[in-house]
Amino acid sequence: MQSKDSRLRVRRIDNITQVEFIDRNILDEGNIQAIAEEIARLIESDPSPRLLICFQNVDHLSSAALGALITINNKVRDRRGQLRLSNIDPQIQEVFAITRLTKIFQIHETAEEAIRSFKPA
Amino acid sequence: MTHDQQPMTESASLSVANDRVQIDRAIEQVAAALDRFGYDKASRFAVKLSLQEGLANAIFHGHKDLPPATPVRLEYSVSPSEVRLSISDQGPGFDPGSVPDPTLDENLERPCGRGIMLIRSYMTEVSYGPGGNRVDMRYARPSAATSP
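Residue numbers (the numbering used here), protein chains in the order written: chain X, 124 to 244; chain H, 10 to 157.
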């Protein structure tokens, strides 16, 4: 259930939880923590989470947001779930490459491609 | 000089406290200066990201044990060829060499420690003051030495 203060759009289609960000800039440490906690609740509510995080509207991402994504990835893995990222702006994609986080995240160009990549739960 | 001419350098000194509005305003003020000098989208991204990370380090790490209203000092100058940023905090300082390399395999899943390496990646020069509580950054405009 999303609260009225949620910074996320959440949809659940075919047992895949799809998350989009409302904000174009994911920089604020307080907001990042709230977003991470909201996604953590989504993960914990699913015994085998299949989570797609779509960055369609995002222009800027801080290192704190990258840290939150790593924590989310660890939580998904702990529940033997699957995490995919999609629609990342080329400049932000470069940030993932510089930090070598492309090695731990499965990143897809489009949400459709990411959805096709999920293994059956 | 007529009113239509671009000044050679635009500079300012700002106090920034642990307040999202102040942080955003400072970042947008610098970004607006880049726009006035005709810097492109990639330069804007590089400077905004480095400024965000530098301010976050100063405010959330340097001032971790200080009252939220304690300001950090941002000084910047923007010219047709380069951007200079200097961020000073009132904290105890830190040793930038002590931050583990986040790109090593064994550190990839650590959730923190990427701000400094991003600044180093996107800025042309980065140096720290002797007390470890000031960072100076320079961004040279790609294919610079040209007018905007």
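In case anyone wonders, no lab produced these hints; they're calculated from the structure.
There could be a bad hint or two in this list.
[Claimed, not checked] In silico DSBU-like cross-links for lysine-lysine, where the CA-CA straight-line distance does not exceed 30 Å:
# : chain 1 : residue 1 : chain 2 : residue 2
1 : X       : 198       : H       : 73
2 : H       : 50        : X       : 198
3 : H       : 73        : H       : 57
4 : X       : 242       : H       : 73
5 : X       : 242       : X       : 198
6 : X       : 226       : X       : 242
7 : X       : 226       : X       : 198
[Unchecked claim] Some chain H residues near chain X, calculated using beta-carbon distances under 10 Å:
#  : residue
8  : 21
9  : 23
10 : 25
11 : 26
Note that the Cβ used here is the ideal one computed from N, Cα and C, for glycine as well.
- Query: Looking back at the numbered hints, which does the structure fail to meet, lowest number first?
  - Reply: 2, 4, 8, 9, 10, 11
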